[in-house]
Amino acid sequence: MTLPASAPTPAAGAGRSLLDVQNLSMRFGGLLAVDNVTFEVRRGQIFAIIGPNGAGKTTVFNCVGGFYRPTTGAVTLDGQPIQHLPSHRIARLGLVRTFQNVRLFKTMTVVENLLISQHAQLEARLLPGLFKTPKYRRAETAALERAAFWLEKVGLLAVANREAGNLAYGQQRRLEIARCMITHPKLLMLDEPAAGLNPQETRDLDRLINELRAEHGVSVLLIEHDMSLVMGISDEILVVEYGRPIATGDPAAIRANPKVIKAYLGEE
Amino acid sequence: MPRTLIDALLAAVLTAVLLIPIFGLRIQVDGVNVALDRTPTPVVIAVVAVFLLRLFKRPLQRLWASWKVPGSWRANSATAALRQTAQHPRARQALWLLLLAVAVIWPFTVSRGAVDVMTLALIYVMLGLGLNIVVGFAGLLVLGYAAFYAVGAYAYAYLAQQFGLSFWLCLPIAGGLAALTGFLLGLPVLRLRGDYLAIVTLGFGEITRLLLNNLNFLTGGPDGIGGIPRPSLFGLEFGRRAKDGGATFHEFFGLDYSGDHAVIFMYLLGLALVLATLFVIDRLLRMPLGRAWEALREDEIACRSLGLNPTVIKLSALTLSAAFAGFAGAFFAARQGHINPESFTFIESAMVLAIVVLGGMGSQLGVVLAAIAITVLPELAREFNEYRMLAFGLVMVLMMMWRPQGLIPASRPPLTLPERAEAAR
Chain G
1 MTLPASAPTP AAGAGRSLLD VQNLSMRFGG LLAVDNVTFE VRRGQIFAII
51 GPNGAGKTTV FNCVGGFYRP TTGAVTLDGQ PIQHLPSHRI ARLGLVRTFQ
101 NVRLFKTMTV VENLLISQHA QLEARLLPGL FKTPKYRRAE TAALERAAFW
151 LEKVGLLAVA NREAGNLAYG QQRRLEIARC MITHPKLLML DEPAAGLNPQ
201 ETRDLDRLIN ELRAEHGVSV LLIEHDMSLV MGISDEILVV EYGRPIATGD
251 PAAIRANPKV IKAYLGEE
Chain Z
1 MPRTLIDALL AAVLTAVLLI PIFGLRIQVD GVNVALDRTP TPVVIAVVAV
51 FLLRLFKRPL QRLWASWKVP GSWRANSATA ALRQTAQHPR ARQALWLLLL
101 AVAVIWPFTV SRGAVDVMTL ALIYVMLGLG LNIVVGFAGL LVLGYAAFYA
151 VGAYAYAYLA QQFGLSFWLC LPIAGGLAAL TGFLLGLPVL RLRGDYLAIV
201 TLGFGEITRL LLNNLNFLTG GPDGIGGIPR PSLFGLEFGR RAKDGGATFH
251 EFFGLDYSGD HAVIFMYLLG LALVLATLFV IDRLLRMPLG RAWEALREDE
301 IACRSLGLNP TVIKLSALTL SAAFAGFAGA FFAARQGHIN PESFTFIESA
351 MVLAIVVLGG MGSQLGVVLA AIAITVLPEL AREFNEYRML AFGLVMVLMM
401 MWRPQGLIPA SRPPLTLPER AEAAR
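Going down the list, the protein sequences come from chains G and Z. Quick note: the first sequence, position 23, residue 23 per the working numbering, numbers continuous. Quick note: the second sequence, position 266, residue 266 per the working numbering, numbers continuous.
Chain Z extracted, bound-state conformation (with noise of 0.2 Å):
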């Protein structure tokens, strides 16, 4: 019993060592005066909390083991019946379309606000589904995927600004641009392996972005590009007065005018694009080179010894993952209107690797709700916006304690194989 008082005590000392300078202080302003504020309650609990649960774990775990999920929670009638559909072709099919459908009808029924937020999410959820293919799929710890964004938004930005060249034009150059970025940093690293090319990529991320702030011809150095145009609707714009003799859409359509018009279009281009994504990397799975990737994550040497050149498939993979972020960063540009370095640090490539990894690791599916509930939900707790990074770091170390594996596993869907074996050779 003594170990169990001196190692509750040990935890709830390291706890208020680590919270008094996060919860227990505070530094109020006020006017030129600066006065450091103590609040002492929140510490206070933390700390009898923790050594409350370290004194009774045993206890607490036993409660835990004995406690189990009735039977008829997983074996009612109800559950089978919803597993059955899901496993039925023609359910699942229905079952997309109408989650589709509550996509699409959805903006026009809330507020502005919430619909922004989630073509905010819908950025994310490209970003995640491309990082996806080389962290998820093949299996290379990419650390500065922001690069590969910002690659895109900054190609839309100057080339909109500078040439006046229309966002549906934008787009593919950005994808591409980003794309031989992602070849072009490939070619020499990715003879590098793991925590080597985590290292690396980290490197070129940060690169990239000093290179963002210090370029001032080409990228407007700290202060950004402004003034990016809202993509149009075939040739319909959606401000106010259309630019030099072009038509506005509310004009066109006899409409009165009103802002959430620009807003829900950038929601649905985005869910667009999200779709469009999603359709090219469940493709891509299916193909000989979505499976070499994982194959390649697998076993290289297995792949080596069968043929398949690793270089390549790796390159494949990591350019073909940074051109996503392209086309993510040409639509973030777009939205926002105006982007500067501050967008692409570190911690977004961070974010995304989390909403990877949150997901579960080459699960479509899983990525795509991490990136929803990532962005949503320090939208809808504003009011804990401090501790925001706290409870990201809280819910990592969970995940990676109790479910390693992400939120929704992959999983591998059967094949059928042909009747008549005996046609082969």
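So that you can see chain G by itself, here it is in the shape it has in the complex (with noise of 0.2 Å):
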């Protein structure tokens, strides 16, 4: 797990607007679990959105992964409006995502886990399967190097055909986030990734996401509680409480905003 000297920089297209979100509220019933939300994640940087709890990171995460459809705003990625395409879709654009308790397919191996992910890109049609055309055979063979590939970089490799649903905690939280990197997306969300990690893992997590940008020029957003992983980690960060957006700004300047000590840490 070495930086290669000849890794992509991450200035490669740098600065350009990659997830741009205007005005995004999402009202269920009575309740106005995000209010106005406006940010945006530029290529190559990592951005991270706190807050404290029910306060609707989630609920950003899943307007912007079209899990729901947002009541008002606009989500564009990479120039394209996504606010009305269907999750699927999404996906296939390059925005992937991880779950905040995990959600892998629990009886399937590690290695089906990361084969499945691939499905897009594979040749899923019925003929070619049924005769195995070589096509299909060599489209098989490279899904198979890729998930050993990304076994490899995230630890994985020794349990490949393990049941997913028996790996460790830890475990777990790499095959998603390697889940998500195989499908080459652009933007990678991961939902608490720190959440249930003890501290070395979460050392190991720091490390692994500076990484996967640094060498596959992917961008990262991300919600986490784990203040010493936010604050090292990001490029961005966008404070929400209520719902409303706060704060945004680099980690030292959220770090001293008067507004988002009061709402860590109450009215003195």
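For the record, the hints were derived by calculation from the structure and aren't laboratory data. This one's a predicted model, so the numbers in the text were calculated from it and none came from an experiment. The C-beta atom is built at its ideal place from N, Cα and C for all residues, glycine as well. Just so you know, not all the hints are guaranteed correct.
Stated by the list, open to error - Residues of chain Z clear of chain G, computed beta-carbon distances all greater than 10 Å:
#1 Leu-55
#2 Val-200
#3 Leu-380
Claimed, not checked - So the derived label-pair ranges between C-beta atoms look like this:
#4 Arg-382/Z <-> Tyr-169/G: 49 to 59 Å
#5 Val-280/Z <-> Tyr-264/G: 51 to 61 Å
#6 Ile-301/Z <-> Lys-259/G: 33 to 43 Å
#7 Gly-165/G <-> Glu-386/Z: 36 to 46 Å
#8 Pro-409/Z <-> Tyr-169/G: 23 to 33 Å
#9 Gly-165/G <-> Ala-391/Z: 30 to 40 Å
#10 Ala-91/Z <-> Thr-76/G: 57 to 67 Å
#11 Thr-76/G <-> Gln-93/Z: 52 to 62 Å
#12 Arg-16/G <-> Pro-409/Z: 47 to 57 Å
These two chains come separately, so use the hints to put the complex back together.
See the structure below:
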């Protein structure tokens, strides 16, 4: 897991807007879960959304990923409006996510989990598979090779044929990230990736996320409670409270922002 | 102790209430006279048995817990050797070939009736394997599977009767029509989940049966369609005399005419269809499509988050599953020679579902064994035919209590990863 010298620099195409969220609101009956949130993730950036429990962070994720249809607002990925698309179409455009409570295909093996996420890139039609055409075989072998590559990267090669549900929690988290990365996403959304990890595993995660950005040119949007991880890794942070954005800025600015301190520690 | 006694008494009373109408009273029809015949013995036996079992439940449980399988049963050299060979791919192949050889040679050594029953079992194997795609792999509960079976059967019957098309031509048509039915049903219905889907498909099965009963011009109504021709072997017919200038099987090979030929031929044809089904489904499961079915059963939201379109995947499962029912239906019509709506009731759908559940959802071998057991056992125990449904229910309850994963739970074969992982980006 060392950085190769020839890695593509994150600066390639950096600075341009990748995900643009404008005036996003989500209403559930009488509850305004997300209230007029606006932010922008630029290419190569690691962007974090933080806030107290129930602040609407995961709802933002669900709106951006197409799992909820936002009440108002516009979401643009790479210049293309996506707020009206179903989630699987958004995923195919290069925006994939992990879940707060890991969602693996539990009774399937680790490798199979990685093969499924390549479904869109594989020869999925009926007849080539039934007759095992050479093209189909090549596609399957390539898929297995990619799976092996990612398993090695996240340190799960030894458990490749284990059932995913039987892995340790930290391993499940890493598998979920690998499962996203194998689709070559433009933007990786991580929903509380450090939840339930011990300090060592959190440090490993920190390194892994940095490595993904450096070597695979992926931008990261993350929700996290672990402040040491967020402050160390993020380029920009958005703080939400009761669904409303209260501050945006780099980690230092956020740490000094009186509104944020108030939200987290309460009034003096 | 008094609590156990009350509990046991209650259970005994319940048993009596349940069993008196089923076992205790029997309607005797003697000419025009109908008399009620009382036979208390089976009820008394059952009530006493339940009472004693409930009363001594605790001691019996303790006894059961203390009784262990001797270690030598599981870990002796014979079982170890068997397990070793079973894991060896070559040995496994040989085992399959041996089974196949037995299945092919077997009909020539037994009675015609036995072969006929086995042919029926093969139809259920096909149906079970087909339904296993939707229920076992894709995790969609479909209760109207007999509808697709009916479409296949009527398609062959109608086409053969009206247009004189051969079985071999009709087989793909029947499968295709059933698949189309599945597709059209799936389009609006597959956005439903779980119980709702089960109810809608249940309704669809009933609608199909009613249509068969009432579309007289197409299906012949309750009388059904008769005189369905049997399949031929490359144009060789199995009748005593060939129709309009064809050749018969026994003349061509210079054999004496025997009705057994046709029966054995149907069996072998059924076997071939089952093998084809097994092969196709086995391939499907290793394909991206089959993997996607299972993934969808595991977690639909995760599937969507990875770019898999759930609607397309569900539709493909239902369509393919319906196609296999169509093949089975065409074969069924060809074997029976006469079909009517009575063969496609809800009981039929429930039967196939029971096969899938008993066999172990998602397990091919389990489904094959369960289908054979469910069709062959009632034939072996004909004198208990009246209690068939009772026994059936009992088996289902016991299975759900002790082995909910089925007789042979699905297992997943390990995949070998390529050596040169660095080659991939």
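Results of checking the hints against the structure:
| no. | hint | verdict |
| --- | --- | --- |
| 1 | Leu-55 | holds, 41 Å |
| 2 | Val-200 | holds, 22 Å |
| 3 | Leu-380 | holds, 36 Å |
| 4 | Arg-382/Z <-> Tyr-169/G: 49 to 59 Å | holds, 56 Å |
| 5 | Val-280/Z <-> Tyr-264/G: 51 to 61 Å | holds, 59 Å |
| 6 | Ile-301/Z <-> Lys-259/G: 33 to 43 Å | holds, 34 Å |
| 7 | Gly-165/G <-> Glu-386/Z: 36 to 46 Å | holds, 45 Å |
| 8 | Pro-409/Z <-> Tyr-169/G: 23 to 33 Å | holds, 25 Å |
| 9 | Gly-165/G <-> Ala-391/Z: 30 to 40 Å | holds, 36 Å |
| 10 | Ala-91/Z <-> Thr-76/G: 57 to 67 Å | holds, 59 Å |
| 11 | Thr-76/G <-> Gln-93/Z: 52 to 62 Å | holds, 56 Å |
| 12 | Arg-16/G <-> Pro-409/Z: 47 to 57 Å | holds, 52 Å |
In this structure, every one of the numbered hints holds.
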